[in-house]
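Student: Could you build the full structure based on these sequences and the hints that come with them?
Each position in the sequence shown, counted from 1, maps to that position plus 1 in our numbering.
Honestly, the hints are just simulated from the structure, not real lab data.
Since we're looking at a predicted model, the values are computed, not measured.
Every residue, glycine too, gets a C-beta built ideally from N, C-alpha and C.
Be careful, since some hints might not be right.
Unchecked claim - Straight-line alpha carbon distances no greater than 25 angstroms define the calculated SDA-like cross-link-like pairs of lysine to any residue that follow: (1) K54 to S72; (2) K49 to V7; (3) K49 to V25; (4) K49 to R39; (5) K49 to V22.
Claimed, not checked - Simulated restraints on C-beta separations: (6) D18 to G41: 20 to 30 angstroms; (7) D30 to T5: 31 to 41 angstroms; (8) N36 to S56: 25 to 35 angstroms; (9) V45 to T5: 29 to 39 angstroms; (10) Q34 to S72: 25 to 35 angstroms; (11) L6 to T57: 29 to 39 angstroms; (12) T58 to T5: 38 to 48 angstroms; (13) V44 to P19: 18 to 28 angstroms; (14) P8 to V45: 21 to 31 angstroms; (15) T58 to P21: 37 to 47 angstroms; (16) K49 to T5: 21 to 31 angstroms; (17) S72 to F9: 25 to 35 angstroms.
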Amino acid sequence: MTQTLVPFGVRHAVTVDPEPVDPVTLIYDPDQQINLVRDGGVVVPALKHSTGKTSTTTASSDAKPGNDYDSDQTED
Numbered sequence: 002m003t004q005t006l007v008p009f010g011v012r013h014a015v016t017v018d019p020e021p022v023d024p025v026t027l028i029y030d031p032d033q034q035i036n037l038v039r040d041g042g043v044v045v046p047a048l049k050h051s052t053g054k055t056s057t058t059t060a061s062s063d064a065k066p067g068n069d070y071d072s073d074q075t076e077d
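Tutor: Structure follows, in structure tokens:
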């Protein structure tokens, strides 16, 4: 039986259907320090990463008993 090599981070994720990327088409933006690709007539980030909504308990409360909470959307 032949085993397929699957990167560790995707072993328990959804089925992977990779799309080939020609490295020559990548454009590096030194100001943003990211790779960009041309999608039609628009230049967009090559990858987008988001970990979703975060929730943080702050160390102090503002005139209320208990902790304050802060939530945010994380995105690269």
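Student: Can you give the numbers of the hints that this structure goes against, from lowest to highest?
Tutor: none
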